[in-house]
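There are 2 protein chains.
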Amino acid sequence: MAEKRTPIKVSDAVQKVMAYASRGQAEQVPLENSYGRFLAEDLIADHDVPSFDRSPYDGFAVRAADTAEITRANPGVFEVIGEIGAGSVFQGRVGQNQAVRIMTGAQIPAGADAVVMLELTKELDAAEGKRFELKRTLKSGENISFQGEDTQKGTILAAKGSFITPGIAALLATFGYDEVPCAKKPVIGVLATGSELLEVNEPLQPGKIRNSNSYMILAQIERAGGEAKYFGKFSDDLEQCVIAVKDALNQVDLLITTGGVSVGDYDYLPAIYEKLGADVLFNKIAMRPGSVTTVAALGQKLLVGLSGNPSACFVGFELFVRPVIRHHNFHRSPHVRKEKAYLGKDFPKANPYTRFVRAGLHYDDGRLTVHPSGFDKSSAVSSLAEANALIVLPGGTRGYQDGMMTDVLLLDDQKGSEWPWENIVPSYK
Amino acid sequence: MAEKRTPIKVSDAVQKVMAYASRGQAEQVPLENSYGRFLAEDLIADHDVPSFDRSPYDGFAVRAADTAEITRANPGVFEVIGEIGAGSVFQGRVGQNQAVRIMTGAQIPAGADAVVMLELTKELDAAEGKRFELKRTLKSGENISFQGEDTQKGTILAAKGSFITPGIAALLATFGYDEVPCAKKPVIGVLATGSELLEVNEPLQPGKIRNSNSYMILAQIERAGGEAKYFGKFSDDLEQCVIAVKDALNQVDLLITTGGVSVGDYDYLPAIYEKLGADVLFNKIAMRPGSVTTVAALGQKLLVGLSGNPSACFVGFELFVRPVIRHHNFHRSPHVRKEKAYLGKDFPKANPYTRFVRAGLHYDDGRLTVHPSGFDKSSAVSSLAEANALIVLPGGTRGYQDGMMTDVLLLDDQKGSEWPWENIVPSYK
Chain Y
33 MAEKRTPIKV
43 SDAVQKVMAY
53 ASRGQAEQVP
63 LENSYGRFLA
73 EDLIADHDVP
83 SFDRSPYDGF
93 AVRAADTAEI
103 TRANPGVFEV
113 IGEIGAGSVF
123 QGRVGQNQAV
133 RIMTGAQIPA
143 GADAVVMLEL
153 TKELDAAEGK
163 RFELKRTLKS
173 GENISFQGED
183 TQKGTILAAK
193 GSFITPGIAA
203 LLATFGYDEV
213 PCAKKPVIGV
223 LATGSELLEV
233 NEPLQPGKIR
243 NSNSYMILAQ
253 IERAGGEAKY
263 FGKFSDDLEQ
273 CVIAVKDALN
283 QVDLLITTGG
293 VSVGDYDYLP
303 AIYEKLGADV
313 LFNKIAMRPG
323 SVTTVAALGQ
333 KLLVGLSGNP
343 SACFVGFELF
353 VRPVIRHHNF
363 HRSPHVRKEK
373 AYLGKDFPKA
383 NPYTRFVRAG
393 LHYDDGRLTV
403 HPSGFDKSSA
413 VSSLAEANAL
423 IVLPGGTRGY
433 QDGMMTDVLL
443 LDDQKGSEWP
453 WENIVPSYK
Chain L
33 MAEKRTPIKV
43 SDAVQKVMAY
53 ASRGQAEQVP
63 LENSYGRFLA
73 EDLIADHDVP
83 SFDRSPYDGF
93 AVRAADTAEI
103 TRANPGVFEV
113 IGEIGAGSVF
123 QGRVGQNQAV
133 RIMTGAQIPA
143 GADAVVMLEL
153 TKELDAAEGK
163 RFELKRTLKS
173 GENISFQGED
183 TQKGTILAAK
193 GSFITPGIAA
203 LLATFGYDEV
213 PCAKKPVIGV
223 LATGSELLEV
233 NEPLQPGKIR
243 NSNSYMILAQ
253 IERAGGEAKY
263 FGKFSDDLEQ
273 CVIAVKDALN
283 QVDLLITTGG
293 VSVGDYDYLP
303 AIYEKLGADV
313 LFNKIAMRPG
323 SVTTVAALGQ
333 KLLVGLSGNP
343 SACFVGFELF
353 VRPVIRHHNF
363 HRSPHVRKEK
373 AYLGKDFPKA
383 NPYTRFVRAG
393 LHYDDGRLTV
403 HPSGFDKSSA
413 VSSLAEANAL
423 IVLPGGTRGY
433 QDGMMTDVLL
443 LDDQKGSEWP
453 WENIVPSYK
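Protein sequence lines correspond, in order, to chains Y and L.
In terms of this note's numbering, the first sequence is residues 33 to 461.
In terms of this note's numbering, the second sequence is residues 33 to 461.
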């Protein structure tokens, strides 16, 4: 019969795992390929934006002082002494009652201290050169985007570890990064175990199921920001397994095994850990599903044994592997993001363990609600298809009712949480 | 001076664009590379899940009838006639007071109609063969996961056009898709215009700025699900521009130009459209920013002229290009997703045009709030870095106050909206 295992708290389990998490390295990535990667350095403005005083409109650059006496009845007349397209610099100086035609984004010419919009001017007979009439006054600085107004030199525009969004891509271009220092993705290996498993391209057989967990995990790795490497299925022979795990470990930063960690007679992961000389950090957690999730360490490398149950496997990945990947990518809040939302369903039965229920997050007129995804059994694959969140129901003696506020973990998210579990904030390497 | 342009409504502009949107083609993608792609076919269950009655626990399969008379004082005794590991099939039949040891996920043996969990049994002296004692009754069907309980054959598990999540990857594996029919990504070209633009690797020069919009758009294309192709900067020569646009159009499904559509003297896109013989669908929209967004069609191909202003460019892409990409990828709700949220700031000034304000979406204890992203001018690049939403402020005579409910468009989203604008739902090809 199976050995007796002592469950530890989810937060303790995460903390034990994170003690082994390490930061990755930087690699240079061409800017056009950097969307969705993580910054390996702070992005600092190395010049002001705008880098010169410029016009936000098409119009005329003038001296505000020359408009001081203007009234509707007594319009001012300005002589146009030149024009500046965007990207050009006007070489002269704007003098009294002179104006320079200026395009959006062009640099304000010397002498001028205001811009009048095109629509407010009236062209005059151009017999004596190009002139226009103006019927209102301008203040010094009016319609000028000043140097540094948007961003001052030295400002941190995006912190190391930030997910590169389209907006950050624009900033990187602005500050001259044709190559971007990005976090080199950690390589996360996946090895499947279980004699009941068929490969995806094999026909169904009585008593067997196709290996769906591995492909789910490969996608979860990509979503978290890792590089996935699939090593296929375990052999049934212990010696060969040990060789397969050793070999895989040499090629990855972290190795996930799925299946084979049920509390049954056929679980031989403990034997593998023993043969490898790996330290088992924990082999039971006070959570549902996924209580039999097992994590071991060999040197500085983690071996994460996720349950063969699809939901347990899914949850175990997000709690224990995602933060290792994000931490490696320099993320400052590597854990799955925790927020509050309203429950959309009763959970009348109490459970001594913390429950993680895969769920869909919805916005109902500004209110965040979570609905468990369809079929409720932990073996249901189909309910995972639309799940973008996990409802967290703390263990205890009570049930939970529709409309109550609950903790929820957001899966399609790049912001994350620093430490979602309790008030302990551990310090990582 | 510039020509007079007549603005059209945002919804009309989107409708004109979508009249040219077309569906793409399917291509086979290896399952392990399919995360983040869009399904080109409905994913239909071609067998029941589970595909056989199975045990959700480690335990013993028995006949419920043999437990009917059991009490705590009068326990039943069962003889263990064999065991079934996951993936194996038991060849015999369970008879009266017989049991078969069964692992999680294994097929229920013939004759048995219930499973008793390991923890509820007590091993007896094994002198006469392996036996256990049981002190409670079982109902027929107890602890059995029945064939089809999770998913029935024929069920549509994910619709054509769905974004492939980790959960969908698991389903694809379950149903034998080692290759997945995915939407072939539309190729979206980007051509920059503007003599003020420097390439990213050029040093700053007076009056000039680096070309940041193009790289922002390349990332927006990737996020939306397209394949981005950058053609570099326009030459200043009209004839060469026409050749560049023609050449680019031959290589893409849709061509974006950025810049050069300001209401200034230097805008020569209209001349290019004319030389190409392209139909201008509109060249002014009643929106801020981005009112000068211009879309033309040459045959069935769209030429989208986005403003050189970063915010206008950003907004124009999300409103007019994203839905074309998503529609091409078979998405059923291709438009940027519209939801309700609470404003986190006053907008006291009324504006006759619909405003789109880049914003950060936050969850405050189950309440969805939107805060405009930092600096408010439409030229601000830095405010775009963290923007994950656009606040929609309808045009009119009123301002908007902190705490009011507003429409908001969610940018980091795969769900989308069918038609977010008004009650007109157009029919697309």
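Be careful, since some hints might not be right.
As the list makes no split between identical chains, a pair holds if one copy fits it or if it spans any two.
What the hints assert, rightly or not - Listed next, the in silico DMTMM-like pairs over lysine to aspartate or glutamate satisfying Cα-Cα at most 20 Å (straight line):
1. K381 to E115
2. K307 to D268
3. K192 to E450
4. K381 to E174
5. K185 to E234
6. K278 to E211
7. K265 to E211
It should be emphasised that the hints constitute simulated quantities derived from the structure, not laboratory data.
Now for the hints, and whether the structure bears them out:
In this assembly of identical chains, K381 and E115 lie within 20 Å of each other by CA distance neither inside one copy nor across copies; the values are 76 Å within and 33 Å between. When the C-alpha separation of K307 and D268 is checked against a cutoff of 20 Å, the pair qualifies only within one copy, where the shortest distance is 16 Å, while the shortest distance between copies is 70 Å. With identical chains, the CA atoms of K192 and E450 are at most 20 Å apart within one copy only, with a shortest distance of 15 Å there and 37 Å across copies. In this homomeric assembly, K381 and E174 come within 20 Å of each other (Cα to Cα) only across copies, at 18 Å, whereas the closest approach inside a single copy is 66 Å.
Proximity of K185 to E234 under the C-alpha cut-off of 20 Å is restricted to the inter-copy arrangement: shortest distance 18 Å between copies versus 60 Å within a copy. Taking the shortest alpha-carbon separations for K278 and E211, neither the intra-copy value of 36 Å nor the inter-copy value of 30 Å comes in at or below 20 Å. With identical chains, the CA atoms of K265 and E211 are at most 20 Å apart between copies only, with a shortest distance of 19 Å across copies and 39 Å within one.
Against the hints set out earlier in the document, violations occur for numbers 1, 6.
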